[in-house]
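J.: Sequence:
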Amino acid sequence: MSTETLTIGKALNLGLRRAMEDDAKVVLMGEDIGRLGGVFRITDGLQKDFGEDRVVDTPLAEAGILGTAVGLAMRGYRPVCEIQFDGFVFPAYNQIVTQVAKIHARSRGKLTMPVVIRIPFGGGIGAVEHHSESPEAYFAHTPGLKVVAVSNPVDAYWGIQQAIAHPDPVVFLEPKRRYWDKAEVDTAATPDPLFASRVVRGGDDVTVLAYGPMVKTALQAAEAAAEEGRSLEVVDLRTLSPLDLDPVVESVRRTGRCVVVHEAPVTLGLGAEIAARVTEECFHSLEAPVLRVGGYDTPYPPSKLEEEYLPDLDRVLDAVDRALQF
Numbered sequence: 290m291s292t293e294t295l296t297i298g299k300a301l302n303l304g305l306r307r308a309m310e311d312d313a314k315v316v317l318m319g320e321d322i323g324r325l326g327g328v329f330r331i332t333d334g335l336q337k338d339f340g341e342d343r344v345v346d347t348p349l350a351e352a353g354i355l356g357t358a359v360g361l362a363m364r365g366y367r368p369v370c371e372i373q374f375d376g377f378v379f380p381a382y383n384q385i386v387t388q389v390a391k392i393h394a395r396s397r398g399k400l401t402m403p404v405v406i407r408i409p410f411g412g413g414i415g416a417v418e419h420h421s422e423s424p425e426a427y428f429a430h431t432p433g434l435k436v437v438a439v440s441n442p443v444d445a446y447w448g449i450q451q452a453i454a455h456p457d458p459v460v461f462l463e464p465k466r467r468y469w470d471k472a473e474v475d476t477a478a479t480p481d482p483l484f485a486s487r488v489v490r491g492g493d494d495v496t497v498l499a500y501g502p503m504v505k506t507a508l509q510a511a512e513a514a515a516e517e518g519r520s521l522e523v524v525d526l527r528t529l530s531p532l533d534l535d536p537v538v539e540s541v542r543r544t545g546r547c548v549v550v551h552e553a554p555v556t557l558g559l560g561a562e563i564a565a566r567v568t569e570e571c572f573h574s575l576e577a578p579v580l581r582v583g584g585y586d587t588p589y590p591p592s593k594l595e596e597e598y599l600p601d602l603d604r605v606l607d608a609v610d611r612a613l614q615f
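If you count the sequence shown from 1, you need to add 289 to reach the numbering used here.
Hints were generated in silico from the structure; no laboratory data involved.
The beta-carbon is built from N, C-alpha and C at its ideal position, and this holds for glycine as well.
Below 25 Å or equal to it, Euclidean Cα-Cα: the simulated SDA-like pairs (lysine to any residue) are:
no.: 1; residue 1: 593; residue 2: 607
no.: 2; residue 1: 314; residue 2: 340
no.: 3; residue 1: 505; residue 2: 597
no.: 4; residue 1: 314; residue 2: 399
no.: 5; residue 1: 505; residue 2: 427
no.: 6; residue 1: 391; residue 2: 430
no.: 7; residue 1: 505; residue 2: 493
Label pairs and their calculated CB-CB ranges:
no.: 8; residue 1: 566; residue 2: 513; range: 26 to 32 Å
no.: 9; residue 1: 472; residue 2: 356; range: 35 to 41 Å
no.: 10; residue 1: 338; residue 2: 555; range: 40 to 46 Å
no.: 11; residue 1: 418; residue 2: 356; range: 21 to 27 Å
no.: 12; residue 1: 561; residue 2: 321; range: 32 to 38 Å
no.: 13; residue 1: 476; residue 2: 557; range: 36 to 42 Å
no.: 14; residue 1: 432; residue 2: 591; range: 32 to 38 Å
no.: 15; residue 1: 292; residue 2: 321; range: 30 to 36 Å
no.: 16; residue 1: 518; residue 2: 400; range: 54 to 60 Å
no.: 17; residue 1: 561; residue 2: 387; range: 21 to 27 Å
no.: 18; residue 1: 310; residue 2: 481; range: 18 to 24 Å
no.: 19; residue 1: 493; residue 2: 601; range: 22 to 28 Å
no.: 20; residue 1: 394; residue 2: 565; range: 24 to 30 Å
Using the sequences and the hints given, assemble the complete structure.
T.: Below, the structure is given as structure tokens:
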């Protein structure tokens with residue numbers, strides 16, 4: 290059978306395995322990804338099966354990991370770099386935005402940079418400082434980078450393979466608190482395109498946009514709203530750069546109201562860009578301002594307080610109520 294029940298973590302593992310089987314130039318790099326199989330066991334068993342030359346345990350040096358990946362990509366390899374936690378990506382930020390993102394343009398198209406940077410992102414796991422960040426806006430703001438945020442096992446399985454096969458660099462965001470969420474995955478199916486949004490629940494009253502870990506929260510909010518007679522349409526953005534807003538625009542022109550949800554702080558988060566674009570495209574259809582729900586404009590708090598920080602069902606429903614009051 291080609292269909293099996295997988296967690297997001299297991300789907301990523303199988304997707305990486307299939308990509309490595311299909312292309313001998315795919316090389317995995319990261320801290321503790323080999324013998325340990327990664328902190329979240331995403332690469333479990335891959336070093337044993339593919340060897341230490343293709344699943345490389347690197348030093349604890351993110352800038353070195355990405356700098357090495359640049360050289361490998363220029364020599365025809367397809368490096369997949371794991372950043373152990375989101376907050377650890379910043380030592381590599383210089384390499385990502387000044388080298389990885391720009392070499393294709395700098396070489397006038399002569400060189401490609403097929404690098405995938407896997408980043409477990411977001412909060413909700415009771416971790417210590419630097420382990421619960423949402424840095425997506427930094428990368429989506431950088432021309433030359435594609436940014437993908439998966440929310441379910443199906444997109445995890447196919448998305449990681451599509452990202453690896455893509456000729457441009459991809460920042461691949463994985464919702465760490467959803468790693469254990471399960472779904473049926475057909476490993477013989479034809480996948481949706483990588484850079485495309487998807488309506489995951491139909492509705493008529495308000496369009497709710499989310500990505501990564503917030504998609505589940507948005508769907509829970511839609512379930513709760515339905516009990517009160519309100520119909521929410523939920524769109525999983527899936528890719529943050531480039532943004533596929535065609536399904537979004539179609540939805541908002543019908544519902545007349547839009548709420549954008551993400552874990553990152555609201556100020557200058559992805560929701561700001563999305564709200565501006567939706568307003569430009571749907572101005573004459575909007576019955577209310579585009580509203581944003583996100584983290585507060587503070588450093589991510591200690592784990593005992595993170596449930597107060599993270600957007601939840603009630604905060605999404607509060608925004609829905611405000612949108613419907615106009």
